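**Q** If you read the sequences in order, they're chains A and B. For the record, in the first sequence the residue sitting at position 50 is 50 according to our numbering, with numbers rising by one throughout. For the record, in the second sequence the residue sitting at position 34 is 34 according to our numbering, with numbers rising by one throughout.
A few of these clues could be false.
As the list claims (entries may be wrong) - A few chain A positions that, by computed beta-carbon distances, are all more than 10 Å from chain B:
1) ASP83
2) LEU84
3) ALA97
4) ARG104
5) ALA132
6) GLY161
7) ALA168
8) THR169
As the list claims (entries may be wrong) - To give a feel for the contact side, a few chain A residues facing chain B, derived at Cβ under 7 Å:
9) PRO90
10) SER94
11) ALA125
12) ALA129
13) CYS149
14) ASP151
15) ALA154
16) ALA157
17) ALA158
18) SER162
19) ALA164
20) ALA166
Don't read these hints as lab results, they were simulated from the structure. Since the model is a prediction, treat every value here as computed from it, not as a measurement. Heads up, the beta-carbon is just placed ideally off N, CA and C, and yes, glycines get one too.
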Amino acid sequence: MVLTCPVAMGITTRQDGSSELSRRAVLRAGALLALGGATAPLTGCGLLDRDEQPPRPDPLAPLLEESLRLAGGLRAAATVHPDLATRLLPLAESHEAHAAELARLTGVTIASATPAASPSGPLPADRTAALAALRKSERAGRESAIRACADAPAERAALLGSVAAARATHLEALR
Amino acid sequence: MSETFEALAGALTAEYAAIWAYGPIGVRLSDAERKAAVAAEAAHRARRDALVMQLSTAGGTVPPDRAGYALPFPVTDRASALRLAVQVEERTAAFWRAALPVSTGADRDRALAALVEYAVRATRWRRSAGITPLTVPFPGRPA
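The whole structure should be built from the sequences, with the hints applied where relevant.
**A** This is the structure in structure tokens:
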């Protein structure tokens, strides 16, 4: 029965993906996280603003940044190794879709500005080394998403589970 | 009946069906692929056994296995067997994903481990089948 029926029990966080395309376009330009208000100018505030605490970043902010970083790493590697592009770009798009969902969930905007999502470290010119470096990043990403899912409130658990699973499948796809 | 119990009972029915489906799948595959199918089926059996134990201990009605399950399409050759294997892993993953929001602690960890493992198996089956891309952005999310 299960094999022919849609998964009725999984309708927990059906997300509207309609905004993904435009977000993706924005992300592609190189992205900067603008935490709503956290980095807004605090200068020139009046007396009443003095005691206001800046809003605490959402606990998922690092995971969102990691999604953008992983996407940036894959896109950069695809530029250096065009023969790998068909393998790498779908993975980058997945990370960007995660970033868009995480941004929506945490109420932050992803603004295009400086290339903040560029990967850390130089890109290996060797194809094998490049894939190994990408696998290492995905493995670390999988672990952080697993931790985030374990600690998450109910309404975030399903999305974070999918992010963890996706990162694990990327690791497999990069073999 | 708690939400957790219901979700795990759903996962159990998915595991039953997955185990059943690997029968017709296995006989159509190459030797190396059959080994992978045996390993995949063993994973589904292990989770089925653990779920039956857990749900029995919880005291609710454990959903029974069925004599057979309807396949979404006929499995007549290697290509259709691989396609079904992809689908089996994806659908089972979806049930475990559905258990995430209604579970905590060790239950959450187990559900996540199942989701991750089955998503990876689906990717491996896609590779065997020559399906691209090898991955989906949100494994287990209902389409």
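**Q** For each hint, tell me whether it holds in the structure or not.
**A** Quick rundown of the hints versus the structure:
1. Residue-level check passed: ASP83 of chain A sits 15 Å from the nearest beta carbon of chain B, beyond 10 Å.
2. A cut-off of 10 Å between C-beta atoms confirms that LEU84 of chain A is not in contact with chain B; the least separation is 13 Å.
3. Not every C-beta of chain B lies more than 10 Å from that of ALA97 of chain A, the closest at about 4 Å, which undercuts listing it as non-interface.
4. With a least beta-carbon separation of about 13 Å from chain B, ARG104 of chain A lies farther than 10 Å from that chain, consistent with its non-interface assignment.
5. Every Cβ of chain B is farther than 10 Å from the Cβ of ALA132 of chain A; the closest lies at roughly 18 Å, confirming the non-interface assignment.
6. At roughly 5 Å, the least C-beta separation between GLY161 of chain A and chain B is not larger than 10 Å, which violates its mark as non-interface.
7. Its beta-carbon lying about 5 Å from the closest one in chain B, ALA168 of chain A breaks the requirement of being farther than 10 Å from that chain.
8. With a least beta-carbon separation of about 4 Å from chain B, THR169 of chain A fails to lie farther than 10 Å from that chain, contradicting its non-interface assignment.
9. For PRO90 of chain A, the shortest C-beta to C-beta distance to chain B is roughly 4 Å, which falls under 7 Å, so the interface hint holds.
10. Hint status for SER94 of chain A relative to chain B: holds, with the closest Cβ pair at about 4 Å, below 7 Å.
11. Annotation: ALA125 of chain A was flagged as interfacial toward chain B, and the flag is violated, the nearest CB pair being 25 Å apart, outside 7 Å.
12. For ALA129 of chain A, the interface hint is violated, the least distance from its beta-carbon to any beta-carbon of chain B being 21 Å, above 7 Å.
13. Evaluation of the CYS149 of chain A hint against chain B yields a held restraint, the C-beta minimum of about 5 Å falling below 7 Å.
14. The beta carbon of ASP151 of chain A comes no nearer than 9 Å to any beta carbon in chain B, farther than 7 Å, and the hint placing it at the interface is violated.
15. Using the Cβ-Cβ criterion of 7 Å, the hint placing ALA154 of chain A at the interface with chain B is satisfied: the shortest such distance is roughly 4 Å.
16. Restraint check, ALA157 of chain A versus chain B: the minimum CB separation of about 4 Å is within 7 Å; hint holds.
17. This hint holds: ALA158 of chain A has a C-beta 5 Å from the nearest C-beta of chain B, less than the 7 Å allowed.
18. With its C-beta approaching chain B no nearer than about 4 Å, SER162 of chain A sits inside the 7 Å limit, and its interface hint holds.
19. Among the interface hints, the one on ALA164 of chain A holds; its C-beta lies about 6 Å from the nearest C-beta in chain B, closer than the 7 Å criterion.
20. The interface hint given for ALA166 of chain A holds, since its Cβ lies 6 Å from the closest Cβ of chain B, which is under the 7 Å cut-off.
The structure does not agree with the numbered hints 3, 6, 7, 8, 11, 12, 14 stated previously, though it agrees with the rest.
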